[in-house]
Amino acid sequence: MENQSLSHSRARLYVVIFFVLGVLTMIEFGASTLPSPVKLPVLLGLASIKALLVAGIYMHLRFDKRVFSTLVLLGLGIGILMVLAFTIVLNINWST
Amino acid sequence: MEHSAHSELGSMGVDSKKLGMWTFLGSEVMLFTGLIATYLVFRGKSLDGPTPAELFANPTIVAFNTLVLLCSSLTMVLAHEAVERGNKRRFFSFILATAALGTLFLSVQVFEYSKLIDEGLGLGVNMFGASFFTLTGFHGAHVSVGVLLLLLTAIRGWRKGFTKEYPLGVEMIGLYWHFVDLVWVVIFTLVYLLK
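Just so you know, the sequences run in chain order U and Y.
Using this note's numbering, the letters of the first sequence correspond one by one to residues 12 to 107.
Using this note's numbering, the letters of the second sequence correspond one by one to residues 5 to 199.
For the record, the hints were derived by calculation from the structure and aren't laboratory data.
Here a beta-carbon is modelled for each residue, glycine too, at the ideal position from N, C-alpha and C.
Estimated spans, in silico, between C-beta atoms of each pair: (1) Asn-62(Y) x Lys-76(U): 42 to 52 Å; (2) Leu-92(U) x Leu-127(Y): 21 to 31 Å; (3) Ile-60(U) x Phe-142(Y): 21 to 31 Å; (4) Val-34(U) x Gly-128(Y): 35 to 45 Å; (5) His-19(U) x Leu-127(Y): 42 to 52 Å.
Straight-line Cα separation of at most 35 Å, DSBU-like style, residue types lysine-lysine; simulated pairs: (6) Lys-76(U) x Lys-164(Y); (7) Lys-92(Y) x Lys-168(Y); (8) Lys-76(U) x Lys-92(Y); (9) Lys-92(Y) x Lys-164(Y); (10) Lys-22(Y) x Lys-92(Y); (11) Lys-22(Y) x Lys-168(Y); (12) Lys-168(Y) x Lys-21(Y); (13) Lys-22(Y) x Lys-164(Y); (14) Lys-119(Y) x Lys-199(Y); (15) Lys-164(Y) x Lys-21(Y); (16) Lys-76(U) x Lys-168(Y); (17) Lys-21(Y) x Lys-76(U); (18) Lys-49(Y) x Lys-119(Y); (19) Lys-92(Y) x Lys-21(Y); (20) Lys-50(U) x Lys-199(Y); (21) Lys-49(Y) x Lys-50(U); (22) Lys-76(U) x Lys-22(Y); (23) Lys-119(Y) x Lys-50(U); (24) Lys-199(Y) x Lys-49(Y).
Pulled out of the complex, with its shape left as it was, chain U reads as follows (with noise of 0.2 Å):
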């Protein structure tokens, strides 16, 4: 009984926060009409959010082991290196 309820909470939250991402896309969607200097930090910054929600909810890493989210962090950190270090060498110029 008590899995049970647990259960329909959960499918309650997962309900929430489909709503919330929808949400969400849709400013970001209005937010693509905003002058350059804001646009930028607005549009990551609800990205981030929409990506910590589905990593953590969905994906069930804010209730699962701390070694599942240390994997995917490592991931990105090896990515972001790889990247940077071509940037480097290749000597990139990201403005254009």
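Starting from the known structure of chain U, arrange chain Y on it as the hints suggest.
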């Protein structure tokens, strides 16, 4: 053989299959970080051909596709919740809905590609085209594999019933599916909104 009762648990006290899946996803993060960075470097380096600002002036179709993928994440997580409760009818409805939404996403992507090609963008047209099609094509390939895995999981559950290890299998495919959704969240912002 002494550990047969805990054969799935590794020395870290976590399920080996789940650990393997997360390691795989960690490597996928590296792959997509590289692809996204390549796109960001090359999108403004084209000497001719259409530019992102010209092609993505109104990304309504892509916003719709983003909502489709978010919706599929909801149905996936509800399918996982249903299999844990042993509710077969609910599980099959949600897993098949997820596969259907994945197929809808792919169809819209094919439609978008044909529109872009009509407007003059192609894999060999300029650096923007090459990096754009490589990034979104890789993502599309991941979605296709996901749809296939969802259908295979559903068929397996239908034929063999809910075996003891079946919910873990559903969780694995769920993790993969949500990851594909998460990557799209980033692609949507960086490719289509920050043009």
